[in-house]
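Student: As they're listed, the protein sequences go chains A and B. At the far end of the first sequence sits residue 66, using the UniProt record's numbering, and the numbering has no gaps. At the far end of the second sequence sits residue 66, using the UniProt record's numbering, and the numbering has no gaps.
Derived from the structure by calculation, the hints contain no laboratory data. Note that the structure is a prediction, hence the values are computed from the model and not measured. Some clues are possibly wrong.
Claimed, not checked - Label pairs and their computed distance ranges (CB to CB):
1. 23/A <-> 22/B: 19 to 27 angstroms
2. 7/B <-> 19/A: 16 to 24 angstroms
3. 3/B <-> 19/A: 37 to 45 angstroms
4. 63/A <-> 27/B: 18 to 26 angstroms
5. 2/B <-> 35/A: 32 to 40 angstroms
6. 16/A <-> 19/B: 41 to 49 angstroms
7. 1/B <-> 56/A: 18 to 26 angstroms
8. 2/A <-> 55/B: 16 to 24 angstroms
9. 35/B <-> 51/A: 21 to 29 angstroms
10. 19/B <-> 56/A: 33 to 41 angstroms
11. 56/B <-> 35/A: 20 to 28 angstroms
Just so it is clear, CB atoms sit at the ideal spot from N, CA and C, and this is done for glycine as well.
2 protein chains.
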Amino acid sequence: MLKNSVRELRARYRLTQQDLAEKIEVSRQTIGLIEKGDYAPSITLALKMAKVFQVPVEQIFYLEGE
Amino acid sequence: MLKNSVRELRARYRLTQQDLAEKIEVSRQTIGLIEKGDYAPSITLALKMAKVFQVPVEQIFYLEGE
DNA sequence: ATAAAATGTAAACTTTAGTTGTCATTTTGT
DNA sequence: ACAAAATGACAACTAAAGTTTACATTTTAT
Chain A
1 MLKNSVRELR
11 ARYRLTQQDL
21 AEKIEVSRQT
31 IGLIEKGDYA
41 PSITLALKMA
51 KVFQVPVEQI
61 FYLEGE
Chain B
1 MLKNSVRELR
11 ARYRLTQQDL
21 AEKIEVSRQT
31 IGLIEKGDYA
41 PSITLALKMA
51 KVFQVPVEQI
61 FYLEGE
């Protein structure tokens with residue numbers, strides 16, 4: 001099962017969902033749905049996010065319970 | 001633009017597309033299309049692949065030319 | 001307390017990931 | 001050289017990502 005720490009990282013950088021959305025070129029709603037855990041984004045989105053937060057992808061998205 | 005080194009890693013482990021497909025639970029065709037660069041897989045697929053190859057996701061998938 | 005900004009949510013939609021089946025071509029092993 | 005295994009490719013399809021619009025609720029700042 002896929003989990004993520006987008007909300008925490010976003011808080012650390014004091015970005016709104018809108019801010020983050022713009023930086024990685026997706027809609028605000030998409031950020032919301034990802035934070036909620038509603039779906040597994042594309043690797044492209046994940047890589048862009050990792051760049052914004054300056055952490056490895058694995059530190060944002062990870063499989064829990066295999 | 002998204003690039004990847006799936007083919008190289010798969011060769012290193014001497015796995016067929018079919019083998020890899022089974023390990024990460026996708027179809028053989030999907031592996032072929034990813035190697036060809038036809039599309040950006042989900043982060044879930046990428047994480048599973050990273051596990052198989054025992055490398056960070058960034059070593060498999062990366063954005064080239066921003 | 002109030003207004004503005006931020007977030008949650010939902011429906012209807014478009015786009016793209018991923019599947020299944022099938023056949024042709026290439027590679028590998030004997 | 002030959003057969004078997006592996007890959008390429010394509011069409012038609014299904015499933016899921018991601019968008020847009022719109023409105024309700026919550027948070028934040030003054």
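Student: Work down the list of hints and note, for each, if the structure agrees.
Tutor: The hints, checked one at a time:
no.: 1; hint: 23/A <-> 22/B: 19 to 27 angstroms; in the structure: 37 angstroms, violated
no.: 2; hint: 7/B <-> 19/A: 16 to 24 angstroms; in the structure: 37 angstroms, violated
no.: 3; hint: 3/B <-> 19/A: 37 to 45 angstroms; in the structure: 28 angstroms, violated
no.: 4; hint: 63/A <-> 27/B: 18 to 26 angstroms; in the structure: 20 angstroms, holds
no.: 5; hint: 2/B <-> 35/A: 32 to 40 angstroms; in the structure: 23 angstroms, violated
no.: 6; hint: 16/A <-> 19/B: 41 to 49 angstroms; in the structure: 45 angstroms, holds
no.: 7; hint: 1/B <-> 56/A: 18 to 26 angstroms; in the structure: 21 angstroms, holds
no.: 8; hint: 2/A <-> 55/B: 16 to 24 angstroms; in the structure: 19 angstroms, holds
no.: 9; hint: 35/B <-> 51/A: 21 to 29 angstroms; in the structure: 24 angstroms, holds
no.: 10; hint: 19/B <-> 56/A: 33 to 41 angstroms; in the structure: 27 angstroms, violated
no.: 11; hint: 56/B <-> 35/A: 20 to 28 angstroms; in the structure: 23 angstroms, holds
Checked against the numbered hints above, the structure breaks hints 1, 2, 3, 5 and 10 and satisfies the rest.
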